Each structure stands twice: as C-alpha cells, then as structure tokens.
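In this text, residue positions in the first sequence follow our numbering: the first is 918, and each later residue adds one.
Everything labelled a hint here was simulated from the structure, so no lab data went into it. Remember, it's a predicted structure, so these values are computed and weren't measured experimentally. Don't be surprised by glycine CBs; every beta carbon is placed ideally from N, CA and C. Misleading hints may appear alongside valid ones.
Below, computed lysine-lysine pairings styled on DSSO-like, alpha-carbon distance capped at 27 Å [said to hold, decoys possible]:
| hint | residue 1 | residue 2 |
| --- | --- | --- |
| 1 | Lys1331 | Lys1288 |
| 2 | Lys1113 | Lys1137 |
| 3 | Lys1092 | Lys1060 |
| 4 | Lys1377 | Lys1137 |
| 5 | Lys1060 | Lys1288 |
| 6 | Lys1113 | Lys1373 |
| 7 | Lys925 | Lys1377 |
| 8 | Lys1320 | Lys1362 |
| 9 | Lys1320 | Lys1288 |
| 10 | Lys1377 | Lys1096 |
| 11 | Lys1096 | Lys1060 |
| 12 | Lys1335 | Lys1377 |
| 13 | Lys1229 | Lys927 |
| 14 | Lys1113 | Lys925 |
| 15 | Lys1320 | Lys1374 |
| 16 | Lys1137 | Lys1288 |
| 17 | Lys1096 | Lys1137 |
| 18 | Lys1288 | Lys1222 |
| 19 | Lys1096 | Lys1374 |
Here are the computed distance ranges between Cβ atoms for each label pair [stated by the list, open to error]:
| hint | residue 1 | residue 2 | range |
| --- | --- | --- | --- |
| 20 | Arg1167 | Asp943 | 46 to 52 Å |
| 21 | Thr1278 | Asp1313 | 16 to 22 Å |
| 22 | Pro956 | Gly1012 | 30 to 36 Å |
| 23 | Ser1099 | Asn1303 | 18 to 24 Å |
| 24 | Glu926 | Arg1167 | 54 to 60 Å |
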Amino acid sequence: MRERLPRKEKFSEWYNELLLRTEIVDVRYPSKGLCVWYPFGFSLRRRIYSILRSLLDVDHQEVLFPLLIPENEFMKESEHIKGFEEEVYWVTKGGSTPLEMPLALRPTSETAIYPMLQLWIRSHVDLPLKIYQIVNTFRYETKHTRPLIRVREITSFKEAHTAHATWAEAEEQVKAALKLYSEFFRRLAIPHVITKRPDWDKFPGADYSMAVDTLMPDGKTLQIGTVHHLGTNFAETFDVRYEDPEGEQRYVNQTCYGISERCVAAVIAVHGDDRGLVLPPEIAPTQIIIIPIVSKGKDALGACKRILDMLKDVYRVVLDNSQERPGAKYYKWEMKGVPLRVEIGPRDMERGEVTLVRRDTFERETVAISKLNDAIEDKLGAIHANLYERARQSFDSRIVDCKTLDEAKTAIRKGMAKISWCGEEECGLCMEDRTGGDILGELAKTKRGECPICGKKTDKVVLMARAY
RNA sequence: GGGGCAGUAGGGUAGUCUGGUCCAUCCUCGCGGCUUUGGGAGCCGUGGACGGCAGUUCGAAUCUGCCCUGCCCCA
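Let's have the full structure, built from the sequences with the hints guiding it.
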C-alpha cells in the first residue's frame, strides 16, 4: 500500500507533498525559489488563467513587453526603486563584456511599460487605455521560498495597466478591477476579502493600494490580488501626458493591478483534503474519470467506451483502462482532484445504469444511462456550489470581531481579527507589535468604535492577521 | 532580521553518536513475467542512492570546514 498523504492539519507538509505527488510543480529544480510546471499543473494553470483572460478581454487588450528593463528607466521613480531595489536581479554582462547599461530582470513592469505609454498616448481620445500581459517576473527573495507562494521567478504574473484622464476615473477603474477579481475568485470558489492596505504597506509609488486576501488552512492569510491607484506619480516621472479637449497638456492618472500563481496555490490549499486535490469542475484538467469494473467473463470495457463517446464532446473525460485494480484507481484519481467518477461494473450493466461518485462529498448514486447527461450537469454544478459554500463557511467562521488586542492576538492564531483603528500609523504599528500580526487593511464597511491604542473614537475597521 | 535541524535510489527511510561488518537496510516506485480486478492485489525476476568541494585518515555515508539546498521555530 502506498504511503498516505500527510494530514491537511500539517499544512506545510501536506502542501509540499501534494504539489509533487499530483504533479503540479516540481520544486527539485537545482536553483532556489524556481520551480517547474508539470504537464498536469500547467494544464490546471492554463484553465485558471483562461478564466482570467476571458474576464479581462472584455475591455482590456493583451500586450507583451520585454523582460529586461534598462537601468536608467528602472531608476527613475524614487519611491518605486526603494520598494524593489533589494530584490532585483541584474544582467550586467553580454558574454564577457560588461554592459554599458545594466539591465534589470523585471520585478514588475511599470518601468518597462510607461516609457512606451509616453509614446502611445497623445490625446484624450487615446484614453482610457487598458492593457495587460501575463509574464514571468523575478524577485530575489531572501526569506524562505515556498512553491507558488513565495518564489524568485513568478512564472504567471498577470499585470494590467490602465491610463485615464482624471484621478476620479482611475478610481472608478480600481473599483472595476476589484469587481473583476471578485468574479474571478468566485469562479474558483475562493472566498476572499478586500481591504485598503495601510500606507506603510502600499505599492511603492502608488497613491493607495487595495488588496484581495484569502485564508489558508493554517490560519495565515494569502494575498491573492492587488489593485493600485498610481495617481500621476509615474506619469510625472515618465512624462506620460495627453492633450485635453481644450488643448491643455495634462498628466494621465494610472492604475495597475496584478494576480500571480498564488491563485493556483489558493485553489489547492482552500479546497484540498486529506486525500489530495479537490478541483472545481470548471478548472479540473480531467472532469470525469470512468472506471471499468472488470469481472470474470463480463467485460465492462465496451460499456465504458460507449459512455466515453457519449460524454467526450462536452466534458474532459478519461477512461482509466490500466491494469490496476479499481480501488487503486479510486485513490489515484481522488488525489488528482477529478470532480466526478463514473463506475461501470456487471451490476450496473445488468440494470442499464452507472454509478456516480462525487469527489467533494464522496456521495455515491446510481443513474440510468438515459439520464446520465442531465445528472452529470447537475452534479458538476452542485460540486462548484458546495465547494464555494463550505469554503465560505470556514472562511467566515475564522473572522472574529475583536475589541481588545488580547482578543485580536487570540483570533489571529486561527484567522483574522476585525478591530477598530484610529488610522494613525503610530497606533497601527503598535497594534502589529502587540499582537504579532499584520494590519492587512481597512474594510470598506465602517463601524463605530475606539482605537485600542489611543482610545480615540473612530469609524475605521481593519483586519489583522498573520500573513504569508 | 534572529535561532535551530536536516540532506542516503523517482518518493520515504535504516546506518552517522563510537570511521572498517555497507559494492549500504526496509517500504514505495520503475521494468519483464504469470495469476488477479465493486476501495490501495500476490508471487518470481530485475533496476536505481550516500548534495557539492576541500581536509583529516591506511581507510569516510559516518569526523572537520566551506558552499548549495530544504525544513521548523521566533521577530
């Protein structure tokens, strides 16, 4: 018998082992913080990102900018540099010849894109401009790296960049982007919360930053999306101007927003269980696995092939015709997260039925072949709904209203603490210090209360947590 | 940022303290074969490993140093 997966309670072990066993990514690449996508993992990634693409393609255009950024461009925006300079990889030689102008491997692409926006944007009719790209970026992480979560090469960075005539229009875009991200995570059945990051934690060079966070099984939060209002900060640095209808030259207002392969990590961590992956049907590389139950003199294979033919045009379906025994196949495909299993054996064939088993609940049901199509459609829909519902219940139960820092300190051991804050940086940092958690950010919903440090009355409510 | 611990076949391990018994143990896995198949099949045959560099030594998986990599705890 094959060794079991570590229990999900031991989240780190479970997560690392699962990534390798199910062939999502291989962390054994011989350089720290870099990993290899296996075919199965890449297929999962592709399906997740095609949802993201389809949402963006409604009103964004996809582009592709270079990986390398000249040092002089990279160094232009002083706040931005301060935020990134310690984690930039530099290309300094061409062969053995030192480069006149060193080139940065993009840690993010603002400084690659905005010099071009200066050329592309001339007039108010060029606005709004909304572009995105899905690329790799590099950050020299010195802390512990963790596959898909903290890496040196972000392989799947979706970054969108927009330019608008006014600050208010850019702010509308921030809201639109957050709505788009919420829809994306709803499709992945990932519960999440949106907050405004405190000033000391905003994107370097932004006016303000919004963030999307979810909760991991160990109670730490994972930032799975960010949306930044850049104001005219970069526009002034890169001289990105447009001529307004009155003939005045004005700086554009910009936003940028990103999602990385952390969204794949979130799907794995939020839905997975002790038996392995549990995947929402829309993104599962294999949605249905057909398992023949062979028995002396009675070959179920023919029946399985007929079912396969019946389903294959609509669903991603695989017939496991290997020589293993049925039990071994069940474990194997459960590990891979296949949402629905179809078993066909002698008993089923006699009755013109098949047996359906759900991955999320292990619920087992026999269905007449004549009603199979409808039953599958129902079940796949129910699986998505159930995954989202049970994840949301777990998520909600781990957000605790707190009045005191002691309560907050307890709450962040298992999840997030909701607590009042006056808005002063000094008090905020003190709250972080006293609880050992971070202030994730401010919620849009306000509530009358008082700051746990200075006691001042306030409407602001923040979330605190331990964060990845 | 600070502190621990660990690297032995594709995966997991024994051996390391006390150097020689180890051309390295067991499980899993791969390959070939026969019998099997409603929740991880059995037997037979076979394949595959001491993270890297340097040092100590007659002799290093084992001791020392450095490097690389990974994990855990604290801030």
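Query - Hints not upheld, ascending by number - result: 1, 3, 5, 7, 9, 11, 13, 14, 16, 19
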